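*Asks:* Sequence order for the protein chains is E and R. Be aware that the first sequence starts at 1, since it is given in our numbering, and climbs by one per residue. Be aware that the second sequence starts at 1, since it is given in our numbering, and climbs by one per residue.
Simulated from the structure, these hints should not be mistaken for lab results. Quick caveat, the model's predicted, so the values are computed rather than measured. For each residue, glycine too, the CB sits at the ideal point set by N, CA and C. There could be a bad hint or two in this list.
Okay, the calculated bits of chain R under chain E, using three or more residues with CB under 8 Å as the criterion [to be verified]: (1) 10-19; (2) 149-156; (3) 248-261; (4) 331-342.
Which residues of chain E face chain R? A partial, calculated answer using Cβ under 8 Å [said to hold, decoys possible]: (5) THR40; (6) TYR67; (7) GLY82.
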Amino acid sequence: MTQPASTASSIRKCISGRVVPIRGNDIDTDRIIPARYLRTVTFDGLGEHVFEDDRVAEGHPFDNSSYAGAAILLANDNFGCGSSREHAPQALLRWGIQVFVAESFAEIFFGNCVSLGLPCLQASAADVDRLMARIEAEPTLVMQCDIEAQEVRFGADRIAATTPAGTRQQFLDGSWDALAQLLDEPAAIEAAAARLPYLNGF
Amino acid sequence: MSKNLFEKVWAAHSVRDLPSGQTQLFVGLHLIHEVTSPQAFQMLRERGLKVMHPERTFATVDHIIPTDMRDRPFLDALAEEMMVAIEDNARDFEIPLFGMNDQRQGIVHVIGPELGLTQPGMTIACGDSHTSTHGAFGAIAFGIGTSQVRDVLASQCMAMARPKVRRVEVNGTLGEGVYAKDVTLHVIGALGVKGGVGFAYEYAGEALDRMSMEERMTVCNMSIEGGARCGYVNPDETTFEYLEGRAHTPKGADFHRAVEWWKGIASGDGAGYDDVVQMDGGAIAPTVTWGINPGQSCSVDGTLPRPEDATGDAASIVEALQYMGFEGGQRIEGTPIEVAFIGSCTNSRISDLREAARVARGRKVASGVKALVVPGSHDVRDQAQAEGLDQVFRDAGFEWREAGCSMCLAMNPDKLQGRQMCASSSNRNFKGRQGSPTGRTLLMSPAMVAAAAINGKVTDVRDLLN
Ligand code: SF4
Numbered sequence: 001m002t003q004p005a006s007t008a009s010s011i012r013k014c015i016s017g018r019v020v021p022i023r024g025n026d027i028d029t030d031r032i033i034p035a036r037y038l039r040t041v042t043f044d045g046l047g048e049h050v051f052e053d054d055r056v057a058e059g060h061p062f063d064n065s066s067y068a069g070a071a072i073l074l075a076n077d078n079f080g081c082g083s084s085r086e087h088a089p090q091a092l093l094r095w096g097i098q099v100f101v102a103e104s105f106a107e108i109f110f111g112n113c114v115s116l117g118l119p120c121l122q123a124s125a126a127d128v129d130r131l132m133a134r135i136e137a138e139p140t141l142v143m144q145c146d147i148e149a150q151e152v153r154f155g156a157d158r159i160a161a162t163t164p165a166g167t168r169q170q171f172l173d174g175s176w177d178a179l180a181q182l183l184d185e186p187a188a189i190e191a192a193a194a195r196l197p198y199l200n201g202f
Numbered sequence: 001m002s003k004n005l006f007e008k009v010w011a012a013h014s015v016r017d018l019p020s021g022q023t024q025l026f027v028g029l030h031l032i033h034e035v036t037s038p039q040a041f042q043m044l045r046e047r048g049l050k051v052m053h054p055e056r057t058f059a060t061v062d063h064i065i066p067t068d069m070r071d072r073p074f075l076d077a078l079a080e081e082m083m084v085a086i087e088d089n090a091r092d093f094e095i096p097l098f099g100m101n102d103q104r105q106g107i108v109h110v111i112g113p114e115l116g117l118t119q120p121g122m123t124i125a126c127g128d129s130h131t132s133t134h135g136a137f138g139a140i141a142f143g144i145g146t147s148q149v150r151d152v153l154a155s156q157c158m159a160m161a162r163p164k165v166r167r168v169e170v171n172g173t174l175g176e177g178v179y180a181k182d183v184t185l186h187v188i189g190a191l192g193v194k195g196g197v198g199f200a201y202e203y204a205g206e207a208l209d210r211m212s213m214e215e216r217m218t219v220c221n222m223s224i225e226g227g228a229r230c231g232y233v234n235p236d237e238t239t240f241e242y243l244e245g246r247a248h249t250p251k252g253a254d255f256h257r258a259v260e261w262w263k264g265i266a267s268g269d270g271a272g273y274d275d276v277v278q279m280d281g282g283a284i285a286p287t288v289t290w291g292i293n294p295g296q297s298c299s300v301d302g303t304l305p306r307p308e309d310a311t312g313d314a315a316s317i318v319e320a321l322q323y324m325g326f327e328g329g330q331r332i333e334g335t336p337i338e339v340a341f342i343g344s345c346t347n348s349r350i351s352d353l354r355e356a357a358r359v360a361r362g363r364k365v366a367s368g369v370k371a372l373v374v375p376g377s378h379d380v381r382d383q384a385q386a387e388g389l390d391q392v393f394r395d396a397g398f399e400w401r402e403a404g405c406s407m408c409l410a411m412n413p414d415k416l417q418g419r420q421m422c423a424s425s426s427n428r429n430f431k432g433r434q435g436s437p438t439g440r441t442l443l444m445s446p447a448m449v450a451a452a453a454i455n456g457k458v459t460d461v462r463d464l465l466n
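With the hints as constraints, model all of the structure from the sequences given.
*Replies:* See the structure below:
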């Protein structure tokens, strides 16, 4: 599976949907998708194994029918830390997640999400807390993640939810898939290679 | 003001600024392995793209391969499929592959340096978060996801925002029985598992100056566990001495010119940093993790935190204590273990095995403990055998295996069972990391793992070294 190149369908301005809250700091990618599911040459079918080992315990949000069909994942601090496995966001994408809102994200996870067209929006700890409590009380609440306005709206309420300016722009113009840009100027790549002593016999 | 190494390497590899504000960065060395590459090659095929610089790309197999029975086809059909995929992809795209029976095979972060592929001043990328290891040579090395593996294959470049640089100085002299692993666990404990997000770490100070290349690799390896995507040490005589004569290191006059360039790429005197932190290496004790992330650690003679006294995240402490079956306030020393694992890209090099063997020599693994030693590469394995270390381990009751990742992430048959408690020289103590969803991991230095194996419980290695 590969994502579409920059097209109208790749533009991400505002994503609406229900929300699934995942409480806890430092949720690592081993928990999002255990290593045994990395024994595969495609990303297909990963969706059904999301959080599999955490879901052995009763009452995991991914097993709660009230959250079925959620498009937004709400998390606390340092979400997606640990392994670089892109299988983690790929699995969440295949489960149905289209956008993340958290106190903060681990860097490689954030980059992987951008490559897949999945915006990661950062909100304050207090706002995430408030939002989690609200969602848990009213699981079917529909929220708007407005990437353009850098805010999340729910009911009459709104909170700031931001992503760096360059990343925001990539989602607004649909250019989040970097490969096309990286191939744009092959002469510049060769010029850089020609400058490097270790590629040119020192 | 003079520049630091990170700024110089970044500038030397910048192709251009992208509209997103990121930099298009040329990647000098791309390392791939069987787990995070098949989908990337598939994406290339779908778009009809070639590998731009197959001669700057090197492939090996490490994550899924068995470390005992290595007959093909593998018993695990999924693992076999992945092996076939990397063999086909390497052949179709003309990438050198160090396959299972190749002398150059091993864990990707062990063989890069060993073969002299990893050199100062390079940018290095690999679809694995511990790519930071290569920073030990003064390279800027990043772990990347599979879509970025595709990007690097197709364009030899990646799109990246420039991080800030924090200098982490560890001064003083490490005590007997205190290793690079203890230093890195201490740094992560002090700065936090997300303390390095947005930063590259420059490790420096007397303790780092005195470390061997292998020890520096252990420190840089775990940068990502502290949230920093890359960590590095400035190249010095130790670096040059390690590199001279290796398979891919420049030879003769080229080597001397290389050394001049490498010296020039190091951080200049008076270089600026976005942040500087200092630590006293002399105050670091053998360190053990007690929780479910690498920042949850204490000295071997210390006690676990009580959630009620916590200044920070009490909920995380409660969750970790509950998972591990520990009580706040208890001592970590004396914790019974059932499995001992010496291996992984953090601690499977020859010096690691020598230190562990020093502890194991003439002793026996406690009854009921399964102990295994998994060398990081074919070369490490051969060297250890030449020194008789394999016999030391076997005599003590350790299993002696072939090179691979093994129980670091348990994608091969080496796995914890049930709630087994494992003393491990690897880098992650996440829930379920070692193959059992309820398995428990205590991270420590390889010598400490050997000590735990011998006594059947967490032990202060200093008691066995005296
Ligand atoms: S040893 Fe562990 S951390 Fe290192 S590359 Fe292999 S799986 Fe990853």
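*Asks:* Does each hint fit the structure? Answer for all of them.
*Replies:* Against the structure, the hints come out as follows:
Counting residues of the stretch 10-19 of chain R whose beta carbon lies closer than 8 Å to any beta carbon of chain E gives 7, which reaches the threshold of three, so the coverage claim holds. Requiring three or more residues with a Cβ within less than 8 Å of a Cβ of chain E, the coverage given for the stretch 149-156 of chain R holds, as 5 such residues are present. Residue count for the stretch 248-261 of chain R with a Cβ under 8 Å from a Cβ of chain E: 5. That meets the three needed, and the coverage hint holds. With a threshold of 8 Å between beta carbons, the proposed coverage of the stretch 331-342 of chain R by chain E is violated, since 0 of its residues qualify and at least three are required.
Among the interface hints, the one on THR40 (chain E) holds; its C-beta lies about 7 Å from the nearest C-beta in chain R, closer than the 8 Å criterion. For TYR67 (chain E), the interface hint is violated, the least distance from its beta-carbon to any beta-carbon of chain R being 21 Å, above 8 Å. A cut of 8 Å between beta carbons decides the hint on GLY82 (chain E): the least distance to chain R is about 6 Å, and the hint holds.
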